[in-house]
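Participant: Given only the sequences and the hints, what does the whole structure look like? Please build it.
Protein chains: 2
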Amino acid sequence: MSEFYKEINPAGFGIAIKQKEVLFSKQSDFQKVEIIDSDSELGKILTLDGLMMTTEGDEYYYHEMISHIPMMHHKNPETVLVIGGGDGGTVREVLKHSSVKKVVLCEIDGMVIEVCKKYLPTISCGLSDPRVEILVEDAIEYIKDKKNEFDIILIDSTDPMGPGEGLFTEEFYTNVKNSLKQGGIMAAQSESPVVNKNEIKKMYALLKKVFPVCAAYTSPIPTYPGGYWAWAFCSVDVKPLSYYAEDRASEIIKSCKIYNKDYHNARFALPNYLIELVEG
Amino acid sequence: MSEFYKEINPAGFGIAIKQKEVLFSKQSDFQKVEIIDSDSELGKILTLDGLMMTTEGDEYYYHEMISHIPMMHHKNPETVLVIGGGDGGTVREVLKHSSVKKVVLCEIDGMVIEVCKKYLPTISCGLSDPRVEILVEDAIEYIKDKKNEFDIILIDSTDPMGPGEGLFTEEFYTNVKNSLKQGGIMAAQSESPVVNKNEIKKMYALLKKVFPVCAAYTSPIPTYPGGYWAWAFCSVDVKPLSYYAEDRASEIIKSCKIYNKDYHNARFALPNYLIELVEG
Chain A
402 MSEFYKEINP
412 AGFGIAIKQK
422 EVLFSKQSDF
432 QKVEIIDSDS
442 ELGKILTLDG
452 LMMTTEGDEY
462 YYHEMISHIP
472 MMHHKNPETV
482 LVIGGGDGGT
492 VREVLKHSSV
502 KKVVLCEIDG
512 MVIEVCKKYL
522 PTISCGLSDP
532 RVEILVEDAI
542 EYIKDKKNEF
552 DIILIDSTDP
562 MGPGEGLFTE
572 EFYTNVKNSL
582 KQGGIMAAQS
592 ESPVVNKNEI
602 KKMYALLKKV
612 FPVCAAYTSP
622 IPTYPGGYWA
632 WAFCSVDVKP
642 LSYYAEDRAS
652 EIIKSCKIYN
662 KDYHNARFAL
672 PNYLIELVEG
Chain B
402 MSEFYKEINP
412 AGFGIAIKQK
422 EVLFSKQSDF
432 QKVEIIDSDS
442 ELGKILTLDG
452 LMMTTEGDEY
462 YYHEMISHIP
472 MMHHKNPETV
482 LVIGGGDGGT
492 VREVLKHSSV
502 KKVVLCEIDG
512 MVIEVCKKYL
522 PTISCGLSDP
532 RVEILVEDAI
542 EYIKDKKNEF
552 DIILIDSTDP
562 MGPGEGLFTE
572 EFYTNVKNSL
582 KQGGIMAAQS
592 ESPVVNKNEI
602 KKMYALLKKV
612 FPVCAAYTSP
622 IPTYPGGYWA
632 WAFCSVDVKP
642 LSYYAEDRAS
652 EIIKSCKIYN
662 KDYHNARFAL
672 PNYLIELVEG
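Protein sequence lines, in the order shown, are assigned to chains A and B.
If you count the first sequence from 1, you need to add 401 to reach the numbering used here.
If you count the second sequence from 1, you need to add 401 to reach the numbering used here.
It is possible that some hints are incorrect.
Each pair may be met inside one copy or between any two copies, as identical chains are not told apart.
[To be verified] Only pairs whose alpha carbons sit at most 25 Å apart, straight line, appear in this in silico DMTMM-like list of lysine to aspartate or glutamate: (1) Lys502 with Glu680; (2) Lys655 with Asp546; (3) Lys598 with Glu457; (4) Lys503 with Asp430; (5) Lys662 with Asp440; (6) Lys658 with Glu677; (7) Lys407 with Glu442; (8) Lys640 with Asp663; (9) Lys519 with Asp440; (10) Lys407 with Asp450; (11) Lys407 with Asp440; (12) Lys547 with Glu534; (13) Lys503 with Glu550.
Derived from the structure by calculation, the hints contain no laboratory data.
Note that the coordinates shown come from a computational prediction; the quantities given were computed from them, not determined experimentally.
Facilitator: Written out as structure tokens, the structure is:
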């Protein structure tokens, strides 16, 4: 094993992490699943098909952003669907909202869930909560016949190539929209503004065909390509920053490393070049 | 030469960049100065003592933030002092403000200036502007006898170890404060919130002893440690977001890749853990 785990993005640069050992490595029905123990403050790392999905050391940058930004825009989120997200980090954050009665995790790859339960307990801990229903199945099929079922849908997927590809289509987004209740919000990971400019342009063009409200928000993520990440905020009837759930905020903020109300409001202020990509 | 230029931070991870060749490498009186041509979208890279200072591909993330955030808080910035910043990127941005009559660049290492003029012309281009006075000297000595001379002082230094160490002391900050005019603002690079937590805590504790107003602002920088960077905003009499120079904004924003008014306002919203570090 080499001294460093390296992940180089198409722009020709990337991350290098001192590594100790590979704790798990197996091909599932969908992808290569690995857990690497790093010799760094990042701790253990989950990779899928050789791309970092999450690390113990910086996972909160991603999970607090994909969950609390849309959740705080909803007056009473009771039913939440998480698509992908088999590591459990997004579910853990969603469960911090006292209004939540049911979280459905729809993850296509059962091996990801099992491996994260075993090796990444601080991330996967929410998966055993009684409010959580875990479905090991294809979200593209699952969502097809759902109408008015969810207050919040979080698309915590891999990139738009490989197993996650079908989660970046007009048909899929339309089905997601139809499965949202009134006042419902979808948030979806939407790649790196630094190294995935073409993917972002394409994705937001599609989203805007489907959703009357479509905005981007961003935050730094140290281990993701370019150190900077975007999420799409989409809805039929809820505009960004039109509502803030003060009642739930104070308790949740106490338990977060990043998230607070000012930080929340600031997420929708984008760099010029990203405004251009999103507006198309 | 190995295939990758690597820079690993004390937290055990860092950046790896495909490299083509080392275009320049020489020990100056102060540090090792190198220009590396990368095989990536980052283009050419300046390193000092083996640490990346700037790249052609992502320099604007840093230079737009260190300059326009403080400059837009000033009603009429005419005289600006840039300490360090020998690559010229900060000077280039400062010169976009039509109010500016004089920029003093005080850089201790003349080799940095010469090398950047030769190899990084898109960054150093402002250095030949007639409003710019270049002083190759130690800013610690230069600032000692200056009183009420500058509207804006930008500390575009290296890290608090090596040649830049003396730029992180109470005595130096006090001299900076005394050299500011009424309504003056200092902005200083203040390391990575991800991997320099101790340095940030120490630096802001010092700054708060000197300046009545002291705040942090942050922005992503793809190639800096942790992909996330902080700057200190310090003044005797100007609070963050208390004034915005609308008159200069529209022209400047047109020429920026990142900077705009919403992005400006959002910079002062910090993650919880950074609020703790800064408030001490």
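Participant: Give a verdict on every hint.
Facilitator: Comparing the hints with the structure gives:
1. Lys502 with Glu680: For Lys502 and Glu680, neither the intra-copy (36 Å) nor the inter-copy (37 Å) Cα distance is at most 25 Å.
2. Lys655 with Asp546: This pair counts as neither: shortest intra-copy Cα distance 38 Å, inter-copy 47 Å.
3. Lys598 with Glu457: between (27 Å within a copy, 18 Å between copies)
4. Lys503 with Asp430: Classified as neither; 28 Å inside a copy, 65 Å across copies.
5. Lys662 with Asp440: Neither. Shortest intra-copy (34 Å) and inter-copy (41 Å) distances fail the 25 Å Cα cut-off.
6. Lys658 with Glu677: The answer is between: 10 Å across copies meets 25 Å, while 31 Å in one copy does not.
7. Lys407 with Glu442: For Lys407 and Glu442, the Cα distance is within 25 Å both inside one copy (16 Å) and across copies (18 Å).
8. Lys640 with Asp663: For Lys640 and Asp663, both the intra-copy (17 Å) and inter-copy (17 Å) Cα distances are at most 25 Å.
9. Lys519 with Asp440: Cα proximity of Lys519 and Asp440: one copy only (19 Å, versus 39 Å across).
10. Lys407 with Asp450: both (13 Å within a copy, 23 Å between copies)
11. Lys407 with Asp440: This pair counts as both: shortest intra-copy Cα distance 13 Å, inter-copy 16 Å.
12. Lys547 with Glu534: Answer is within; shortest intra-copy Cα gap is 16 Å, inter-copy 67 Å.
13. Lys503 with Glu550: Answer is within: at 11 Å inside a copy they meet the 25 Å cutoff, but 63 Å across does not.
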